[in-house]
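Residue strings, one per chain:
2 protein chains.
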Amino acid sequence: MNAVTQPANSMVIPTYDDVLQAHDRIRPYVHRTPILTSEFMNELTGADLYFKCENFQKAGAFKVRGASNAVFGLDESTAEKGVATHSSGNHALSLSYAAGRRGIPCHVVMPRTAPQAKKDAVMGYGGTITECEPSTSSREAVFAEVQAETGADFVHPYNDPRVIAGQGTCSKEMVEDLGELDAVIAPIGGGGMISGTCLTLSNIAPKTEIFAAEPKNADDAYRSFKAGHIIADDAPETIADGLKVPLKELTWHFVSNHVTDILTATEEEIVDAMYLTWQRMKIVMEPSCAVPLATIIKNREVFAGKKVGVIITGGNVDLKKLPWMNKA
Amino acid sequence: MNAVTQPANSMVIPTYDDVLQAHDRIRPYVHRTPILTSEFMNELTGADLYFKCENFQKAGAFKVRGASNAVFGLDESTAEKGVATHSSGNHALSLSYAAGRRGIPCHVVMPRTAPQAKKDAVMGYGGTITECEPSTSSREAVFAEVQAETGADFVHPYNDPRVIAGQGTCSKEMVEDLGELDAVIAPIGGGGMISGTCLTLSNIAPKTEIFAAEPKNADDAYRSFKAGHIIADDAPETIADGLKVPLKELTWHFVSNHVTDILTATEEEIVDAMYLTWQRMKIVMEPSCAVPLATIIKNREVFAGKKVGVIITGGNVDLKKLPWMNKA
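Respectively, the protein sequence lines represent chains G and E.
Quick note, the first sequence lines up with residues 2 to 329 if you use the working numbering.
Quick note, the second sequence lines up with residues 2 to 329 if you use the working numbering.
Bound-form chain G, shown alone (with noise of 0.2 Å):
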């Protein structure tokens, strides 16, 4: 999918108001989450990183912000009919919670392959799931289906002005706690939490540098950026399961016109620097929050020497299945 191919009505733009409006909307669900810092992270990197903890955000992800702006932002007659998504994982559990706390239903496309865990939030905080194929093809495809069914309001995961206003309050803390930035760096499957960072620091914060960290497993968002038009891949492999979905014509938007550079890493050294993270810092993270350090630790002259962001964006992991159980 290209944006020309879009019908123009769709590619709603969000502006910084509208993440101003969202912070103000979404303030009593969600946790303004503590940053970390590691003296030893410092040394190995040699940059001074500060990790924004969404990993202890409500429903364990950065995701409640966006999907909190979209529940309590419908009026009531849209909202009684409630929302529908289709998501890997955190999404779908942020938008049941918020859904939840709102009192409206709340309809999830979900791969049948999503860890348990996740599934297990989803159910736990009232949402309905209806399970597809792990392909974005079959995920869209049943979708459709769902959403004809109930007539709830979509909310796409990322590709929604409403939820990119949401994840952009997210560096708005960032920069309120820390001051300026010389660099921000997030995961990037979809590309909302990198939008919404986009769209906060163009606005805020000019001057710091965006970086998107991507698996080279699934590095569309990489490829799309040197190419300079969106390529999806269908359904690539990486443990960083939350990072598989490609970016849409809204977050592409802002991925080509704010973003500095998307880096890559293998799957060993998301897994390394995972590992890392849970040793020395002692936080449960998903995989795909390892990401973003890892490029850092192969990439040391691109951060180092800078006053660093990192956004840990999720803990959803299922603690019975952590990678170094194989690698050992």
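In case anyone wonders, no lab produced these hints; they're calculated from the structure.
Where hints are given, some of them may not hold.
Listed below are the simulated DSS-like cross-link pairs for lysine-lysine, each with C-alpha atoms no more than 30 Å apart in a straight line [stated by the list, open to error]: (1) G:Lys299 to G:Lys322; (2) E:Lys321 to G:Lys217; (3) G:Lys227 to G:Lys208; (4) E:Lys120 to G:Lys120; (5) G:Lys217 to E:Lys322; (6) E:Lys322 to E:Lys308; (7) E:Lys321 to G:Lys322; (8) G:Lys299 to E:Lys120; (9) G:Lys82 to G:Lys217; (10) E:Lys322 to G:Lys299; (11) G:Lys321 to E:Lys322; (12) E:Lys120 to G:Lys322; (13) G:Lys299 to E:Lys321; (14) E:Lys322 to G:Lys322; (15) E:Lys227 to E:Lys322.
With chain G fixed as given, assemble chain E onto it according to the hints.
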């Protein structure tokens, strides 16, 4: 060993002034750790729980408080010969860390069965390890040899007034941050943290109840408390490897005078509470730290409706040997 058999000059009981001095002395070398809350845990237990995260502490455990107080309180000529200790783990690496910061030698006797992660960390901080068998008797015999050879100053892991005063800074921070608490609960092994907690709270928050939590498989403190004198086991078996050591006369002084009750939990209850904390709070912590939560869950009537401080004592766990790997 019993208090009456001990020479009087080893029974220097620290005062709250020692805690105040310790806090000033160690401030440059330790973190003021964050306090986390969890709606899920509050709903589960019916209590208002405040988790003091010493797993995020320097060297990964609260023990760095007492170790730093001892190391940085030494006069120059004593400090030159270094410090020595025996420890099941966290005191060893905390003392190594503190000695390293001061630039003096640190000699450590450790059970050969201690987690490799802890041995690596001791060596990483520059400590020298001599291994012993995993029993109190072997540990004390090997240590006597090491101390005779080096002339280093013995910093006992808990039966030392400098160490207890240092540990007392943890509950001082809790009271400063949270105001008066109805209760504080911490794990008990040798009783260093509990003694420091007693020392501080009996002075600045005398109405706060103090609970100690102990593995049922290593319940010598529980049996001592009920019997009214120290009972020591030589080599108890529990997953909570930091809690195998017995009370000594100084910690017995505090436990017998100030502790409200000692509660115990089975191995399965400890692992379940540990898993739940990792899963819901996204923090990496040791099995020992899960004992308080396990006892809160099983003694709902004791804690429900109360404002309770829970000390998460350390995060130095071997990530490749997690207990639920054997259970799944």
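Hint check:
Our distance criterion of 30 Å between C-alpha atoms is met by Lys299 (chain G) and Lys322 (chain G), whose separation comes to about 26 Å. Straight-line distance between C-alpha atoms of Lys321 (chain E) and Lys217 (chain G) comes to about 25 Å, which keeps the hinted pair within the 30 Å bound. Under the criterion of a C-alpha separation no larger than 30 Å, the hint pairing Lys227 (chain G) with Lys208 (chain G) is consistent with the structure, at around 22 Å. Restraint check: the Cα-Cα separation between Lys120 (chain E) and Lys120 (chain G) comes to about 38 Å, which exceeds 30 Å; the hinted pair is violated.
As the CA atoms of Lys217 (chain G) and Lys322 (chain E) are separated by approximately 29 Å, the hinted pair is consistent with the 30 Å bound. For the suggested pair Lys322 (chain E) and Lys308 (chain E), the alpha carbons sit about 34 Å apart, so the restraint of at most 30 Å is broken. Under the criterion of a C-alpha separation no larger than 30 Å, the hint pairing Lys321 (chain E) with Lys322 (chain G) is consistent with the structure, at around 11 Å. For the hint pairing Lys299 (chain G) with Lys120 (chain E), the CA-to-CA distance comes to about 28 Å; that is within 30 Å, so the pair holds.
For the hint linking Lys82 (chain G) to Lys217 (chain G), the alpha-carbon distance of about 40 Å lies beyond 30 Å, and the restraint is violated. About 28 Å separates the Cα atoms of Lys322 (chain E) and Lys299 (chain G), which keeps this hinted pair within 30 Å; it holds. As the CA atoms of Lys321 (chain G) and Lys322 (chain E) are separated by approximately 11 Å, the hinted pair is consistent with the 30 Å bound. Straight-line distance between C-alpha atoms of Lys120 (chain E) and Lys322 (chain G) comes to about 26 Å, which keeps the hinted pair within the 30 Å bound.
Of the pairs offered as hints, the one joining Lys299 (chain G) and Lys321 (chain E) holds, with about 24 Å between alpha carbons and a cut-off of 30 Å not exceeded. Straight-line distance between C-alpha atoms of Lys322 (chain E) and Lys322 (chain G) comes to about 13 Å, which keeps the hinted pair within the 30 Å bound. The straight-line distance between the Cα atoms of Lys227 (chain E) and Lys322 (chain E) is roughly 34 Å, outside the 30 Å bound, and the hint therefore fails.
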